[in-house]
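S.K.: Letter by letter, the chains look like this.
There are 4 protein chains.
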Amino acid sequence: MKHTAILLIHCPDSTGLVARVSSFIFEHKGNILHADQHLDSRQGMFLMRVEWEMDGFDLDLPSFASAFEPLARKHGMHWRLADSTVKQKVALFVSKQDHCLADLLYRHRIGELHCDIAMVISNHSDAEPLARAAGLPFHHTPVDPDNRGAAEQRQFQLLDEGQIDLVILARYMQVLSSEFVDRYPLRIINVHHSFLPAFIGSHPYQRAFERGVKLIGATSHYATSSLDEGPIIEQEIERVSHRDELDDLIRKGRDLEKITLARAMRWHLEHRVLVYANKTVVFV
Amino acid sequence: MKHTAILLIHCPDSTGLVARVSSFIFEHKGNILHADQHLDSRQGMFLMRVEWEMDGFDLDLPSFASAFEPLARKHGMHWRLADSTVKQKVALFVSKQDHCLADLLYRHRIGELHCDIAMVISNHSDAEPLARAAGLPFHHTPVDPDNRGAAEQRQFQLLDEGQIDLVILARYMQVLSSEFVDRYPLRIINVHHSFLPAFIGSHPYQRAFERGVKLIGATSHYATSSLDEGPIIEQEIERVSHRDELDDLIRKGRDLEKITLARAMRWHLEHRVLVYANKTVVFV
Amino acid sequence: MKHTAILLIHCPDSTGLVARVSSFIFEHKGNILHADQHLDSRQGMFLMRVEWEMDGFDLDLPSFASAFEPLARKHGMHWRLADSTVKQKVALFVSKQDHCLADLLYRHRIGELHCDIAMVISNHSDAEPLARAAGLPFHHTPVDPDNRGAAEQRQFQLLDEGQIDLVILARYMQVLSSEFVDRYPLRIINVHHSFLPAFIGSHPYQRAFERGVKLIGATSHYATSSLDEGPIIEQEIERVSHRDELDDLIRKGRDLEKITLARAMRWHLEHRVLVYANKTVVFV
Amino acid sequence: MKHTAILLIHCPDSTGLVARVSSFIFEHKGNILHADQHLDSRQGMFLMRVEWEMDGFDLDLPSFASAFEPLARKHGMHWRLADSTVKQKVALFVSKQDHCLADLLYRHRIGELHCDIAMVISNHSDAEPLARAAGLPFHHTPVDPDNRGAAEQRQFQLLDEGQIDLVILARYMQVLSSEFVDRYPLRIINVHHSFLPAFIGSHPYQRAFERGVKLIGATSHYATSSLDEGPIIEQEIERVSHRDELDDLIRKGRDLEKITLARAMRWHLEHRVLVYANKTVVFV
Chain A
6 MKHTAILLIH CPDSTGLVAR VSSFIFEHKG NILHADQHLD SRQGMFLMRV EWEMDGFDLD
66 LPSFASAFEP LARKHGMHWR LADSTVKQKV ALFVSKQDHC LADLLYRHRI GELHCDIAMV
126 ISNHSDAEPL ARAAGLPFHH TPVDPDNRGA AEQRQFQLLD EGQIDLVILA RYMQVLSSEF
186 VDRYPLRIIN VHHSFLPAFI GSHPYQRAFE RGVKLIGATS HYATSSLDEG PIIEQEIERV
246 SHRDELDDLI RKGRDLEKIT LARAMRWHLE HRVLVYANKT VVFV
Chain B
6 MKHTAILLIH CPDSTGLVAR VSSFIFEHKG NILHADQHLD SRQGMFLMRV EWEMDGFDLD
66 LPSFASAFEP LARKHGMHWR LADSTVKQKV ALFVSKQDHC LADLLYRHRI GELHCDIAMV
126 ISNHSDAEPL ARAAGLPFHH TPVDPDNRGA AEQRQFQLLD EGQIDLVILA RYMQVLSSEF
186 VDRYPLRIIN VHHSFLPAFI GSHPYQRAFE RGVKLIGATS HYATSSLDEG PIIEQEIERV
246 SHRDELDDLI RKGRDLEKIT LARAMRWHLE HRVLVYANKT VVFV
Chain C
6 MKHTAILLIH CPDSTGLVAR VSSFIFEHKG NILHADQHLD SRQGMFLMRV EWEMDGFDLD
66 LPSFASAFEP LARKHGMHWR LADSTVKQKV ALFVSKQDHC LADLLYRHRI GELHCDIAMV
126 ISNHSDAEPL ARAAGLPFHH TPVDPDNRGA AEQRQFQLLD EGQIDLVILA RYMQVLSSEF
186 VDRYPLRIIN VHHSFLPAFI GSHPYQRAFE RGVKLIGATS HYATSSLDEG PIIEQEIERV
246 SHRDELDDLI RKGRDLEKIT LARAMRWHLE HRVLVYANKT VVFV
Chain D
6 MKHTAILLIH CPDSTGLVAR VSSFIFEHKG NILHADQHLD SRQGMFLMRV EWEMDGFDLD
66 LPSFASAFEP LARKHGMHWR LADSTVKQKV ALFVSKQDHC LADLLYRHRI GELHCDIAMV
126 ISNHSDAEPL ARAAGLPFHH TPVDPDNRGA AEQRQFQLLD EGQIDLVILA RYMQVLSSEF
186 VDRYPLRIIN VHHSFLPAFI GSHPYQRAFE RGVKLIGATS HYATSSLDEG PIIEQEIERV
246 SHRDELDDLI RKGRDLEKIT LARAMRWHLE HRVLVYANKT VVFV
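Residue numbers (the working numbering), protein chains in the order written: chain A, 6 to 289; chain B, 6 to 289; chain C, 6 to 289; chain D, 6 to 289.
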């Protein structure tokens, strides 16, 4: 794996932004591997992802900020810099159904997901053996319907101790509080088992079955305080027919959920996702 | 094209239905080409489509009813019989956007759609040249917002005169009255430019764009008195990204609409669609 | 799970076959749940799958044969009868890459695959931990390039001892001998990592990458003595672009292989696949 | 439609290329709308598409070359510049089947394809009415199997007179000579009715049917002197089953051919396609 830096920028559009950013990198002897830029002309918003080799680059990343800041300030840039060799710390949340969890653990094992999976957290104990088999700490944080906050307090503690960068809701069937969401802005990825905005809320397969749709879907998105309303990262669908019972929809849906969540997680870990106006730009 | 008969049945399930129906056909010397059966075990509903060669069959279709009726009555069957050589009479409704109209006319010309297209009806005059070029009568029935019923009365007259069997709403952007829908139960096919039930109602592409979905869709369905709530016949989707402007969604959507509507229309014409519980069984 | 019988038939077409088969079942008090029939009119071949409830059926399955044989003989039927409650015994073959193996083991654990997985066999030892974790015997049968037959002899012994019904080649990268294939006719399912017949043979992703295709695929098929030429059961594809390196093709391909093989295996286990003329009819 | 310039570049990779190109544009007061860059690290090949507004840009396009050439020469760039307002002149070639022709004419009429369609050329006369109805010159150039060159000589004359930029083979069923291909390098787009490289050559649907594939496809590609071997621009597939007769494959294939060819043509017209190493980079 090459040692690279990834810079994500969004700011109001103005002439010369690509030139200024790429020239800055060039002046510091960075060789650009990928540069991708997008202009949302309705919103006048400039968005860019640029990745360059650290080999030969004459700034280390801590000193990048002070060198880049004048340019950034001048153009009102929101920017993030990432080091490709730094592994983010991830917590996987799961409830009873563990297909996404098993899938992510497998993908991690064979190197598809560049991160440290630091822990598995669940409101049930079913997933414990799977987590243990992967050598991961498992934390059982049962949710008392009369005191939902207590479980979250325990979770916050775990996440803090683990210095968690990213929370993955791998079929975690509890609604997060606003406090939780606000602690990890755009750092919580959920998978919803429908093609959003169809079938927002509970029992989407049941409702898809009753409605007689011919395609079912799954959606991975950043969690926000509005349930199922966060910025969509990825969606997938599969064909169903009258021959498919509800159980078939659920079975087919599992594959959609696994693939959709894994893609979204990988893109996030590779710093490919920019969010603005409750939408995502995915630089792939 | 072979001369065949197609029988569509739905009724409460009971033992021996496949045997009784297929034996009836066999006793009358019909050679079954296709037999497809479905059991909705939740509803205890038996559904069947069977198609056999008329060559050798010892009943003509008018006399089929009296021969079959005792069996049908005994089992509470709803049934329809169709003759593959009989062309249904179709009216195409369109507003300003004519991509579905042009597509259906082309498919009809090359033999994909086994029917007589009897007329084109529109609340605008834009599509007239296209209809004329295809040698079809074009009826302009402008809709006065203060007197919507007048246009429909004129349309009823045209449909009656043309002995229309099937109404296709090929991007006809007016809501039909309940009276209209009731006159053509399960004989009006609409295409909605979204993946229902997402984005029910108006401006679905605009709303899809604003929501930032990663897939857009189209849905063909039977029109019922509840807008966009009728039984779904077919759906298709296509991937979009942040690079797609609203115009790109609309452009991509046109292909989805064309394909979805053409499939639904063909399946209907080939007597492949059975409706129950506001869902379709499509025997393909 | 309901106790059902599944009958698969293919024979030369003649009038009355659906009636005769369904009447036979009805006379013995079987309630048909699913009946699906197909006529290949070019080959004059009749194919049928019928599934009925054993509850109330007045033949046990061992006595079915003698009762059904006169009818079968008269019409030249090839037929197979299966009991839905009988679990087939399956051997999973794998080489170094274990993504299909892990996927099938997971699906089996949660009940997607109705069978007994009796053993894992590999020419490498890499997959042993995965097999052990699933509580399965693991047999390491290394293949000596100078004596390929020896490994197969050992494998035959294992398969015989395990009374194996179905062999799944879950990315097993050795070519089977004709003797092996002949021992398990239409009971060996392979997954090939391309969209057959494109890229038959070795290194399909490499060749797809070099050719610059825009879609890659995977194919599951019954193994025959002609490499990659057996009857195709299922295929899937995914879009790729110039941004995808060879490693990305391989990564995307893994998901295609998993899904394609799992579907084919499930359909086989559910007795949904009929083969004739080197093609499959999949009754789904 | 905005007045923009589009620059396509490919050259050996070296540090600073994005900076130099974007700075060049910035220095001349061009506001970049889209910049997309790709590095083929295996081949050490740098590829870029950049589009900027002409409003405010201080070079006119004829003078761009002399200003840009020093930079281009220094880095060994192959480059092309296009003016978004200039419509390319297109000749559509067709044989008997006119579904792609009709589709492209319709898309052109509603503004999906930014070009001048200058003529329709065919070895049959079937498509003449369609061409005439679109107000286009139709040239019948029958192909004498004993003197194939004569038809091409006539075609060259027509293409020269029409100053044709792009040739679209919209199901033109004649093989072009090397001379033809060499006259329009990377300016002839063909649609092949299979998922290449499967079923290269003639009768792909027939062969797909016989092989029993579960997906069929279509491929649009630049024509080269090697039949069906040119750089692939786009591919699409659709699912088929045992119920699909050869005619169904052909029918389904028509939709794939239409969509695949229309996309490839649009991308070419929008200067989104770069070719190197017999592969395409499609900047979408």
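Among the clues, some could well be false.
Heads up, simulated DSS-like pairs for lysine-lysine below, C-alpha to C-alpha not over 30 Å straight-line [what the hints assert, rightly or not]:
id, chain 1, residue 1, chain 2, residue 2
1, C, K257, D, K92
2, D, K79, D, K101
3, C, K257, C, K101
4, B, K101, D, K284
5, D, K79, A, K284
6, B, K79, C, K94
7, D, K257, D, K79
8, C, K257, D, K257
9, D, K94, B, K257
What the simulated footprint calls covered on chain A by chain C, stretch by stretch (three residues with Cβ under 8 Å from a Cβ of chain C suffice, anywhere in the stretch; the number is not a length) [unchecked claim]:
id, region
10, 48-61
11, 110-119
Calculated from the structure, these hints are not laboratory results.
Just so it is clear, CB atoms sit at the ideal spot from N, CA and C, and this is done for glycine as well.
S.K.: Which hint numbers does the structure go against, in order from smallest to largest?
M.R.: 1, 2, 4, 5, 6, 7, 10
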